[in-house]
Amino acid sequence: MNRNRADSYIPALAATRLDLPPAWGRLTSLSPQEAEFLSQFELPAGRELALDFDLGGAGFSAVTAVIKTRLRDKDGYFHYRLVFSDTAQRELLRQALAALPRR
Amino acid sequence: MFNTVQVICAAEKDRLHLRGVFARLGADAVFSADLNDALAVFEKARPAAVFFADGEEPPAEIQLREFKRVAPFIPVVPLLKRRDATRAVELMKGGAFDCVHAPWTAEAVEPVYRKALRLSGTALELDSNALRSRRRSAALALAAFFAFAGFAGGFYYGFKRFSPRAQAPSSFALPYAHPTGIVIRGDSALVSDWYSQGLYEHSLEDFGIRRVMSLPEHTPVAMAATADSLWLARADGVLEKRLLDARYTPVTRTPAFSPPPDSVCFDGLYYWTADSRSGLITRRMPGDALPALKTFKYPGGKLSALTCDNRFLWAADGALKSLVKLSLDDPEKILSRTELKAYASRTLKVTAVAAAGGRVWFAGEDGGRGTAFYVDEPK
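The listed protein sequences derive, respectively, from chains A and B.
Just so we're aligned: 28 in my numbering is position 28 of the first sequence, and the numbers increase by one with no gaps anywhere.
Just so we're aligned: 236 in my numbering is position 236 of the second sequence, and the numbers increase by one with no gaps anywhere.
FYI, nobody ran anything at the bench for these hints, they're computed from the structure.
Glycine included, each C-beta is placed from N, C-alpha and C at the ideal position.
Some clues are possibly wrong.
To be verified - According to the in silico footprint, chain B covers these stretches of chain A (three or more CB under 8 Å from chain B): (1) 8-16; (2) 28-37; (3) 69-77; (4) 88-94.
One chain only, chain A, in its complex shape (with noise of 0.2 Å):
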């Protein structure tokens, strides 16, 4: 994490459908398809999130992954990869990232 970036990077909370209280950490990369989760809580591969955060202004609730791979790194924070499985969300998650200003 990058100490100019890091304010930038979306903070995220994340719940299992389990009966585990929700873990939280920052969205380091965002596409409609997949995005990168680094948190300091450990959560196995395979595991199903339901990710609320905010993009452009608007708030998304609930968005669907499954946790694809992960890695920890030498500071003991998880990098997560995650995949969108809601193909509605998905499209949403498009429209938001089209909408927001070019950098």
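With the hints as your guide, set chain B onto chain A.
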């Protein structure tokens, strides 16, 4: 590695515990009792990161703001008194680097401490040629920007002065195709969609999406709002009462009604449901079960969707291509009928209607696309 961290904690017991945790991590921890004490230390030396206990005075949001003002690049980490992901995300939106959850064990603090101290900071380059060429490009880009800004300014002035003023649109395309319910609350419109099984909160100004809530367990077919709750009609004929909180938490539900209603509204005293297939309109008592009081036959052509306010029932009528106003006392009596221009499109199918603020809002499908529009309330 520069490993001095500042820890702000008023409680002596917590401070003692944290002293042990940071010592175990090999950190050089400087303790302060409160924010003022910490800012006084900041004037003399800058730590690599700041950790502060949440739930003490001043509130975490103010501490974050103060640290961001004094030292915007230092990672600031609240130590949460309990594992609350919603609060953690809110604090991260407010500028926190991350949050440590309770209990503040060395295992919980370590990854955040290590990550906070390993931040790479400003990108540095050894290749000064690249830096010079980047500066040249930046100067050229700046000159081009000013030239363009001058041209665009003149063009904008002329355009604004000589072009007619645009009217605000009264119809909007929806990014989903199967809306079933619409509710107006303040400056927002809440629309349900059966196909994507979602609730979409739109800004009334431009109908941009503000929030999306997924309802994977149910198929919403109609919606109504009261002052403190949202009623969601499901495809199986059950009406769910939900709170108007961030997750629309379900509270109670009715037994399954037959036929399953596809319109629902609250007139301030009674609830009303309607079934567009049979044209039956039912007045219901308030309560968890919404028992039926009386059923009426819709007197118009083809009932597409029904809503109400505290004066009238409003129906979108696909056969009459009109908005029909009915009496609350006797819904079998038409008070007025106003043709809707939107029905000029032969493929329009209105599926939801809502009345609020002197306007009647409609949502529906038109040629395979979702649409929403409003008309001023007819006199």
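**Request:** Between the segment 88-94 of chain A and chain B, see if three or more residues pass the 8 Å beta-carbon test, and mark the coverage as holds or violated.
**Result:** holds (count 4)
**Asked** Counting residues of the segment 69-77 of chain A that have a beta-carbon nearer than 8 Å to any beta-carbon of chain B, does the count reach 3?
**Response** Contact hint for the segment 69-77 of chain A vs chain B: holds, 4 residues under 8 Å.
**Message:** When I compare C-beta atoms, does the segment 28-37 of chain A have three or more residues closer than 8 Å to chain B?
**Reply:** violated (count 0)
**Prompt:** With a cut-off of 8 Å between beta carbons, are at least three residues of the segment 8-16 of chain A near chain B?
**Reply:** holds (count 5)
In summary, the one numbered hint that this structure violates is 2.
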